[in-house]
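A.B. asks: Okay, here's what each chain looks like letter by letter:
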Amino acid sequence: MIRTIDLGVTLGRTEVLHDLDLDLGAGVHGVLGPNGAGKTTLIRVLATTLRHDRGRVEVLGRSLERAKGTRWVRERIGYLPQSFGYHAGFTAREYVAYLAWLKRMPAHDVPLAVDRALERVDLLSRADTKLRKLSGGMLRRVGLAQAIVNDPMVLLLDEPTAGLDPEQRVAFRELLREIGVDACVIVSTHLVEDVAHACHDVMIMSEGRIVLASTAQELAALGADSEHPGDSVIERGYSAALRGARPPGTR
Amino acid sequence: MEGVRVDDGELLRRTARGDEAAFDEMWHRHAPWLLLRLRRRAPEEASDLVQETFLAAWRNAASFRGVDAGGWLWRIASRRLIDASRRATIRDPRRHPSPVGALAEATASAEEHALADVMDADLATALDALSPELRAALRMTVVDGFSTREAAGVLDVAEGTVKSRTSRARALLRHHLATLTDTPHLPVEDE
Amino acid sequence: MSFPEAWHAAPRTLQQYSDGTLTDTASWSVEAHLPGCEVCRERLAGLLSEQDWSELDARRQELRLAHQPAVNAPALARAPGWASLRGVLGPWWAWVGVVLAAFAAVTVLGRAPLPPTSLLTSWAAAVAPLVPLVMVAMVYAVGDRDPAAAVTPRGGLELVLIRTFAVLVMAIPTVTLGMVAGDTAGLPWLLPGLALCAGALALGPSVGVERSCVGLAVLWMAVVVAAMPPVGLTSAASLIEPVGTTSVLWGCTLLVAVGVIAVQRDRFDLPGRLS
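Protein chains in written order, with the working numbering: chain A, 1 to 251; chain B, 1001 to 1191; chain C, 2001 to 2275.
Isolated chain A (complex conformation):
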């Protein structure tokens, strides 16, 4: 559903992404990495909000070179940016409905779709509360509701669990796994536990490249008897991978 070939992005003078090759289908894919690794830039390129400089990007089989293709893709994706703007005077319901309208959902579908999206993120009880009165975690869930309102085939989330309490994070991951049954979900995060519990596979990025693409289990295996820093096995595996270790049999 998402393919990139030799993707490269330069912002200012820095080459933020180098020669990135991706081929992702349905499922929940995690992108891990330290700050500055290029995770957000990658998500932005796939979300069609940032233009790439080199290579090819194909989302749902369409390249993003032409406006018509870009509009077609945008109807079918969902994007939760790291800091999303909102109108404080909107209620949660109004905001999600506004985004649904922007995404060209048929008018008669919108009320039910908004209701379903708010229910899936468990915000129905706050549906008619103004956004300025919602806590950070709730705002994040509103953002998620907006991203899923059109039942997208590709869902791109940039640090989505920031501000959520542990119980909400569990619910969040469950929802992602549910969506990942037939959609391509890409989650950029620096929280290793997110990866362990929700993602089918993980890409670790560092300095604009993917240094390791593997599964959560393999990562844990890497960390099993290593002495790299980390509180959990997966964290150790992550540290190890950043330092160049590889599980047997991966690229």
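Keep in mind the hints are simulated off the structure, nothing from the lab.
Hints may be right or wrong, so weigh each one.
What follows is a set of in silico ranges between Cβ atoms, one per label pair, in the way DEER data are often shown [stated by the list, open to error]: (1) A:21 to B:1164: 26 to 36 angstroms; (2) B:1161 to C:2019: 30 to 40 angstroms; (3) A:244 to C:2218: 50 to 60 angstroms; (4) A:88 to C:2221: 28 to 38 angstroms; (5) C:2211 to A:5: 49 to 59 angstroms; (6) C:2249 to A:21: 47 to 57 angstroms; (7) A:128 to C:2141: 22 to 32 angstroms; (8) C:2210 to A:21: 36 to 46 angstroms; (9) C:2249 to A:129: 49 to 59 angstroms; (10) C:2019 to B:1005: 20 to 30 angstroms; (11) C:2051 to A:21: 49 to 59 angstroms.
All values derive from a computational prediction rather than experimental measurement.
Virtual Cβ for every residue (Gly too), placed ideally from N, Cα, C.
Model the placement of chains B and C on the given structure of chain A, informed by the hints.
C.D. replies: Relative to the frame of chain A, chains B and C by itself:
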């Protein structure tokens, strides 16, 4: 309700104003067929789904427009079915939902079809000749109104598989009907 | 293809459907029929088993309707609602403010005295063409800045067109009324006004709409200064109050700007460099 029969649209408008008696009447009219239809697609979750559907209907009654309340309710129900199906897949990745439902896989003879008088007997016979998987794919897209992607989610197969099954089913139907009736007769609509 | 008028499923068929013994293909037909036929639904309800009815009754009991949020959400019943308009155009008070300010400016300046050697007929001529430009800048400043909203099919060119339309609908009557009130009706402000507005949008994809508005406003003010004493350039004055040839000039500029927008309309939808 006594006296003049109120139509579904009016019941939903009253429901939107909080009239629980109107909601009850909607329940009595529509819960039975929804239960039976959902049971043929998700036997274990059917009553849950009926309950969820009506809950959503209660919340969203104000947004009902038009005249087809049954269709509106089925749309809500089918979305719930997809969500439940995906959740079931996570719980058990090796689960393969029965494509037809646990019930009534038997096919019938041509005379039985004619007696039942619900569908052109030739068409019914032709449909019977399809495998359950092909029939299920066709049913999901044609009768239930799912997109190929949604049908894939409920049937737990790849989207490409749904597409190829529906084309194959249509091709087989056309062929079967042509041979049965001896005329190039195509009652099955092309999309 | 016509259907028989009142086709209904036979009782036996409905009974089998209720029991679950009806064939798959016949069930299709029944299922496609039921949502639209209240007669058959009623019959089916009558044929439903005791067991099924008690199951349904139990479920109905479980439905706690009283705690359900928002029985009524009429604001959303028709999309786009007010909220969508507000997202695209910004808050109403910004518009009210701008409209009132523009009206006041055009009126007051229309009646304001000019320096004796001025080449212009009225100060209003200097201000009126800026009104659409200021409105464009405003709507982009207070309208949506949400990155999630920008990445939508409507968030690109369509958004630009809706906003431009709103600006023109608000600007033209406001300025016209202001000129009537300020006794300056008939001043040829429309062509320069439209041309500046179109120019801002044409430059938008390259430098950003707000920047192009500011830049063009500054340029315009420079022309105004050039027309005033002590500089007093006639060419500048004729640009501000175009007649004859300068009208044609402005007309062409407008056409060119619109042409540029049309030619690069895709750029409004494509992902940008800066994000």
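A.B. asks: Cβ-Cβ distance between residue 128 of chain A and residue 2141 of chain C: within 22 to 32 angstroms?
C.D. replies: At roughly 28 angstroms between Cβ atoms, residue 2141 of chain C and residue 128 of chain A fall inside 22 to 32 angstroms, so the hint holds.
A.B. asks: Return holds or violated for the Cβ distance of residue 2210 of chain C and residue 21 of chain A against the range 36 to 46 angstroms.
C.D. replies: At roughly 38 angstroms between Cβ atoms, residue 21 of chain A and residue 2210 of chain C fall inside 36 to 46 angstroms, so the hint holds.
A.B. asks: Can you let me know if the beta-carbon spacing of residue 2019 of chain C and residue 1005 of chain B is within 20 to 30 angstroms?
C.D. replies: Holds - the Cβ-Cβ distance for residue 2019 of chain C and residue 1005 of chain B, about 28 angstroms, lies within 20 to 30 angstroms.
A.B. asks: Is it true that residue 2211 of chain C and residue 5 of chain A lie within 49 to 59 angstroms of each other by Cβ?
C.D. replies: violated (35 angstroms)
A.B. asks: Verify the CB-CB distance for residue 21 of chain A and residue 1164 of chain B against the hinted window 26 to 36 angstroms.
C.D. replies: holds (29 angstroms)
A.B. asks: Is the hinted range of 50 to 60 angstroms satisfied by the C-beta distance from residue 244 of chain A to residue 2218 of chain C?
C.D. replies: holds (55 angstroms)
A.B. asks: Starting from the range 30 to 40 angstroms, see whether the pair residue 1161 of chain B and residue 2019 of chain C falls in it by beta-carbon distance.
C.D. replies: holds (32 angstroms)
A.B. asks: Taking the CB of residue 2249 of chain C and the CB of residue 21 of chain A, does the distance hold inside 47 to 57 angstroms?
C.D. replies: holds (54 angstroms)
A.B. asks: Regarding residue 2249 of chain C and residue 129 of chain A, is the given constraint of 49 to 59 angstroms on their beta-carbon distance met?
C.D. replies: Hint holds: Cβ distance 55 angstroms, inside 49 to 59 angstroms.
A.B. asks: Looking only at beta-carbon atoms, does the pair residue 2051 of chain C, residue 21 of chain A fall within the given range of 49 to 59 angstroms?
C.D. replies: About 58 angstroms separates the Cβ atoms of residue 2051 of chain C and residue 21 of chain A, which means 49 to 59 angstroms holds.
A.B. asks: Is the hinted range of 28 to 38 angstroms satisfied by the C-beta distance from residue 88 of chain A to residue 2221 of chain C?
C.D. replies: With a Cβ separation near 34 angstroms, residue 88 of chain A and residue 2221 of chain C satisfy 28 to 38 angstroms, so the hint holds.
Violated hint: 5 only; the structure is consistent with all others.
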